[in-house]
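J.: Here is how the chains run, residue by residue.
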Amino acid sequence: MKADQTSGDAAEIVFDHVTKLYRGRQQAAVNDLSLVIPAGEICVLIGPSGGGKTTAMKMVNRLISITAGDITIDGKSVKKFDLTELRRNIGYVIQQIGLFPHMSVEGNIGTVPRLLGWPRQRIRDRVRELLDLVGLDPDGDGKRFPSELSGGQRQRVGLARAMAADPRLMLMDEPFGAIDPITRERLQDDFLRLHKEIRKTVIFVTHDIDEAIKMGDRIAILRQGGILAQYDTPEAILANPADDFVARFVGADRGLKRLALRRLSEIELLEAPADARDGDRVSADADMTLRDALSLMLTSGASSLVVHDELGEPVGMLTVDVVSRLLAGGFEEVRA
Amino acid sequence: MSGPELSAQGPVIPKFQEGSECIRENGQFCWGWFQSNFDTVFAPRIVEHMELTGIAVGLGLVIAFAAALFAYRYGWFDTPFTIFSGFLYTIPSLALFQLLVPITGLSWTSAEIALVSYTLLILFRNILTGLREVPGDVKEAARGMGLTARQMLLRVELPLAMPAIMAGIRIATVTTISLTTVAAFIGAGGLGQPIFNALQGGFKTQFVASGVLAVLLALVADGLLVILQRLLTPWTRGRSRAA
Chain A
1 MKADQTSGDA
11 AEIVFDHVTK
21 LYRGRQQAAV
31 NDLSLVIPAG
41 EICVLIGPSG
51 GGKTTAMKMV
61 NRLISITAGD
71 ITIDGKSVKK
81 FDLTELRRNI
91 GYVIQQIGLF
101 PHMSVEGNIG
111 TVPRLLGWPR
121 QRIRDRVREL
131 LDLVGLDPDG
141 DGKRFPSELS
151 GGQRQRVGLA
161 RAMAADPRLM
171 LMDEPFGAID
181 PITRERLQDD
191 FLRLHKEIRK
201 TVIFVTHDID
211 EAIKMGDRIA
221 ILRQGGILAQ
231 YDTPEAILAN
241 PADDFVARFV
251 GADRGLKRLA
261 LRRLSEIELL
271 EAPADARDGD
281 RVSADADMTL
291 RDALSLMLTS
301 GASSLVVHDE
311 LGEPVGMLTV
321 DVVSRLLAGG
331 FEEVRA
Chain B
1 MSGPELSAQG
11 PVIPKFQEGS
21 ECIRENGQFC
31 WGWFQSNFDT
41 VFAPRIVEHM
51 ELTGIAVGLG
61 LVIAFAAALF
71 AYRYGWFDTP
81 FTIFSGFLYT
91 IPSLALFQLL
101 VPITGLSWTS
111 AEIALVSYTL
121 LILFRNILTG
131 LREVPGDVKE
141 AARGMGLTAR
151 QMLLRVELPL
161 AMPAIMAGIR
171 IATVTTISLT
181 TVAAFIGAGG
191 LGQPIFNALQ
201 GGFKTQFVAS
211 GVLAVLLALV
221 ADGLLVILQR
231 LLTPWTRGRS
241 RAA
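Those sequence lines, one after another, are chains A and B.
Heads up, the first sequence is in the working numbering, so the first residue is 1 and it goes up one at a time.
Heads up, the second sequence is in the working numbering, so the first residue is 1 and it goes up one at a time.
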């Protein structure tokens with residue numbers, strides 16, 4: 001991938017006391033929601049059904065109207081944009097994908113550029129570039145119809161289509177929700193890798209807390225009635241849930257989930273023991289997550305693990321004590 | 001009674017005393033007579049038949065299309081138009097032709113009004129169903145990408161409704177080809193004309209030949225429409241290679 005492929009910068013999104021009230025209903029769908037989503041970050045909206053996460057997202061591209069408050073994109077209210085122009089400049093990915101069955105993969109991806117009146121050759125080049133970017137074959141897959149693709153491939157096309165005109169913001173509504181777990185994980189990893197390079201602002205709706213922790217730079221947890229329960233980084237939410245609702249929502253295993261966010265290479269280990277190279281010792285690679293390392297200790301019955309770097313040199317030792325001290329003390333201090 | 005100047009206006013009804021043995025016996029089908037009279041008796045009728053059908057389906061399509069688009073946008077219109085076109089559809093064709101004669105005369109116009117009426121129900125229902133069955137996720141994605149209502153209709157909804165629309169056109173065309181034979185009853189021409197004449201004179205060959213030609217016309221028209229549908233909807237073939 002070339003660096004100049006994605007010149008469009010990212011936008012800062014602000015929810016300013018946003019409320020959505022549907023006519024004839026007592027309870028608001030979204031209630032006085034205020035969030036600042038920094039440019040280039042992935043913000044995950046999560047919550048139980050009825051939490052208003054999808055409603056909140058769809059107010060950004062005005063598929064749903066705002067009852068009160070405002071949403072701004074780089075300081076400009078979404079209400080001040082021409083509706084068509086607003087939507088053409090926001091990438092939109094939905095769970096059901098919604099590819100146009102009567103258009104080839106190329107036709108689908110080129111939709112917004114065609115609407116924007118790009119010259120033919122530029123559209124063709126952009127489509128090839130995007131197919132490559134999302135891991136599809138520009139020569140083989142472009143001419144196929146959506147019905148000829150697998151679920152995972154379809155969502156890759158959906159992603160490419162949403163990025164076609166290089167939007168500064170992407171809305172993703174449970175994009176990987178209908179995909180089998182193995183393919184989903186691959187798509188998540190691929191998207192995170194992609195995001196590192198293109199750095200768009202992304203609003204990502206999911207109901208899967210593990211996905212939220214994995215994908216989000218920040219997570220906004222909404223409770224019933226569209227009330228914001230907590231908005232923070234995954235690690236801060238797992239370490240300090242704001243209340244019982246959040247604690248229950250992230251799960252009783254939130255300690256383990258926190259461990260999954262850290263790799264052995266990122267923490268302070270005990271000194272490697274003298275017999276570190278002993279074949280009887282249970283060992284782990286430094287890029288293993290703490291959660292996997294703990295699991296390894298528990299399943300192997302060893303009270304400690306020798307940690308190796310990529311060259312196989314022992315760099316330290318991990319014990320259950322170290323893990324629990326980390327969780328109790330918070331990671332930041334230990335890392336310092 | 002078989003001079004060319006006469007046959008141009010009306011069908012040939014041979015005197016059974018003359019001609020081949022087949023004609024004298026009034027056999028089921030006299031191939032020789034059919035061959036030598038095809039150009040004068042049948043060819044012009046086939047052309048008339050195609051014109052009557054084509055114009056009826058064409059006009060019906062325009063009206064049904066406008067009505068279906070309106071009903072697609074304004075749902076309340078669906079029921080009244082369905083009842084209206086359903087009512088037209090159930091009037092026996094001979095009765096409808098007869099009803100129109102006092103108003104529009106023994107004419108081509110009367111025939112077309114009746115024929116168009118019969119296409120409306122089929123075309124309207126098929127177009128509307130086709131539009132309504134465009135998947136919601138496809139429409140949502142299209143709206144989210146910033147397609148205007150017009151672009152949505154032209155680029156997404158109509159193409160996706162095309163299989164249902166074409167199915168409607170096929171049924172309407174075949175039905176109309178069959179109905180058009182009855183239009184000769186009020187003098188509108190078409191392949192019904194030689195049938196009526198043969199019924200009066202009892203000449204079997206002409207009767208059978210007209211019927212067979214009408215059926216062939218319907219089959220050919222349907223075949224051509226199938227080919228057109230394939231060309232218009234390439235995505236409906238070769239589906240699901242991958243799991």
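Just so you know, these hints were derived from the structure itself, not from any lab.
None of the values given here were measured: they were computed from a predicted structure.
Each hint should be verified, as a subset may be incorrect.
What the hints assert, rightly or not - With a Cα cut of at most 27 Å, we get these calculated DSSO-like pairs of lysine-lysine: (1) Lys-139/B - Lys-79/A; (2) Lys-214/A - Lys-58/A; (3) Lys-139/B - Lys-143/A; (4) Lys-139/B - Lys-58/A; (5) Lys-80/A - Lys-204/B.
Stated by the list, open to error - If we take Cβ atoms under 7 Å as the criterion, some of the chain A residues that face chain B in the derived model are: (6) Pro-101; (7) Thr-299; (8) Gly-301.
Each residue gets a CB set at the ideal place from its N, CA and C atoms; glycine is no exception.
J.: Tell me, in ascending order, the numbers of any earlier hints that this structure violates.
T.: 5, 7 and 8
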